[in-house]
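Undergrad: These protein sequence lines map, in sequence, to chains A and B.
No gaps in the numbering here: position 8 of the first sequence is 8 in the working numbering, and each next residue is one more.
No gaps in the numbering here: position 33 of the second sequence is 216 in the working numbering, and each next residue is one more.
No lab work stands behind these hints, which were simulated from the structure alone.
Warning: the hint list may mix true and false statements.
[To be verified] Residues from chain A shown here face chain B by an in silico Cβ test under 7 Å; the list is partial: (1) CYS21; (2) LEU34; (3) PRO113; (4) GLU144; (5) ALA149.
All residues carry an ideal CB built from backbone N, CA and C; glycine is no exception.
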Amino acid sequence: MNRSTGRLHLIYPPAAEALTCRMAEDDGHLIFYLDEGQYDGPPQTLALQIEAAQTGEGLCRTQSGHTHSFAWAWVSLQLHLWLGGDLFIFQREEIRRRGNSTGTEISGDILAPMPGAVLEVLVAEGDRVERNQTVLLMESMKMELAITAPGNAIVRQVNVRTGQQVERGTRLVELAPDDQASG
Amino acid sequence: MASDTPDDSGNSKPSNEAGHPPMFTKVLVANRGEIAVRINRTLCAMGIAPVAIYSTPDSGAPHAATAEYSVALPGNTAEDTYLDIARIIQAALDTEAEAIHPGYGFLSENPNFARACQDAGITFIGPSPESMEALGDKLRSKTIAQAAGVPVVPSSRVCMPGDEETREFVDKWGLPVMVKAAAGGGGRGMRLVHDRNGLDTALESAGREAQAAFGDGRVFLERYVANPRHVEVQVLSDADGHTIHLGERECSIQRRHQKIIEETPSPALTPDLRRRMGEAAVAVARGAGYVNAGTVEFLLDPRGGEFYFLEMNARLQVEHPVTEEVVGIDMVECQVRIAAGEPLALRQADIQPRGHAIEARIYAEDPYDNFVPSTGKLLRWQPPGGPGLRLDSGTAQGHEVSIYYDPMLAKLVAWGPDRNSSLRRLEVALSQFQVLGVVTNIPLLRSALAHPQFRSGDYDTGFLEWNPAVTTPSTPQETLMVARALAAWAAAQPSVPSSSQPAEEGSAHSSPWQSAGGQRLP
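Produce the complete structure using the sequences and hints provided.
TA: So this is what it looks like as structure tokens:
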């Protein structure tokens, strides 16, 4: 059988280098072909023996005998993997293509970096804002957080009002390029 | 009550002897999370029935599950539940609790709450409303410390944006300058101002944050002491004014002015400095007429060996377990006995700390993205175990981490015969702590512990600022390879029932590898 897992992107920890990976089974070992097509020369391979007594946790052993304990769980379309004290989060591509959940990729909009309440909206539609200018204040877990503009822009739309509860990733303020400033 | 001083037996366990007032039979714990669970444990061990209160998001939470009685306070926000004085007093009356333990945070340092307890005939386990009022005001507490002969950091009076006094203060003491809330704590209402133009904005925003957090928006300026060490001393005092200290805690590893790692003894103190700070702490507590457990916080300039009084916290501290581990007493038990009117059966000479203890606070927050809180369901929560380990946790697998409350999930404490062994125990334990469902600061805690500067003991409150590598992911390439391989493998496994993974076709018995060529991942 052939189940497609879709493409997985490592999204956490941030800035961790992406690797390609293809796998095959060979005599009880899983062979992972890494970095295929990214570098000249043959791909690096990694052979792992995986033992999983129950769904969601297991042990893996490298060829040198190094044993790592690991655990995983799906959070919606994200695969959270715990490995020897570190957390890795992988995201299926179909969502990533559509989505905004890691924040900054969508230019021109300011997203809520955390869940919380809008304390004060400091800009209105049509306002010209400068890079790092505070556009609104949020409060989460009793901490006040200033949300700033990523660059010089015009406020196209304000989507929230004072007192509103927002989820992480909520589009707070939509920005349009400031044509005058660029001229 | 008779002012009998403790006998000479050196017995470190206070006991309820004949002639002492009767012990409580039921105590309401006006808190949630790990501290409520921890207090429940002591109450149960003392034969006292704990009464929990819980909000709607906390239904089924460990702090209610570990109590003998529980009262629902329907509502989501802290304001509607754990901060609602009238409802909490009513819950105590309804359940016939004779006393209330406030824990830390929430109403623990609110004199109105302590007074409301008094008025309702309920014992408040903590200091009197009067000493709480005096100490809760950072400016008044400084006056108390000065009167006790303890040096303080220079500060202004309460000021407003635009005040002439703010200009004068900056002229005198220079920049940067700290803005602090008179009612402040936990880093709230606190701003570091680097230039004059930012002063009014900082006063305004700190005032607003303080108003929201404490219902008191008064702010003042304080001279900025660059990268001091933050060392605090635990004190215990009974109703007869018998006051002792239980040694210090080093709390210099902080993010956003909130502590994340604490240890005792402090690597920065010489025996002489330790003795002087202990005496200063006792003098401040006496000067404030303080009763029950409290903590005197100092800024320590490690270069000159000078220390300054910062504030006195009129409550149990988050980091009290490290003291308990080296001193060998249960601080909550002492609090309860003192509140019941028993004399403190410990003298200063009885306090002989043993070994070294270190605590790491585990937060649901992203250390790589400005410590943004992380919410979600704990799909996996498998704490470590072993010799010298203690976990004070307020959550459990399957529970939700919500936006409504503080993102601290647990405190992991390691004890060892010396500093190095306790650090190693904590490192190992953190590397075995399995958490899935939310992002935690465990990687940050691990890199801080492994850092040579931390190992040397020569660190200050600027540690994270000076060592950006600690808040930068540093996964070894080999681990990254294994992670990617395991993700590819796990993604091909039959779905885990615990979440909203889309339905998978296929049976659990068939290997995904039977197809030739394997699967391609990026």
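Undergrad: Take the hints in turn and mark each one as holding or not.
TA: Do the hints match the structure? See the list:
1. Residue-level restraint check for CYS21 of chain A holds (minimum Cβ-Cβ distance to chain B is 5 Å; threshold 7 Å).
2. For LEU34 of chain A, the interface hint holds, since its Cβ comes within 7 Å of a Cβ in chain B; the closest pair sits about 6 Å apart.
3. Evaluation of the PRO113 of chain A hint against chain B yields a held restraint, the C-beta minimum of about 5 Å falling below 7 Å.
4. Given the 7 Å rule on beta carbons, the hint for GLU144 of chain A holds: about 4 Å separates it from the nearest Cβ of chain B.
5. With its C-beta approaching chain B no nearer than about 16 Å, ALA149 of chain A sits outside the 7 Å limit, and its interface hint is violated.
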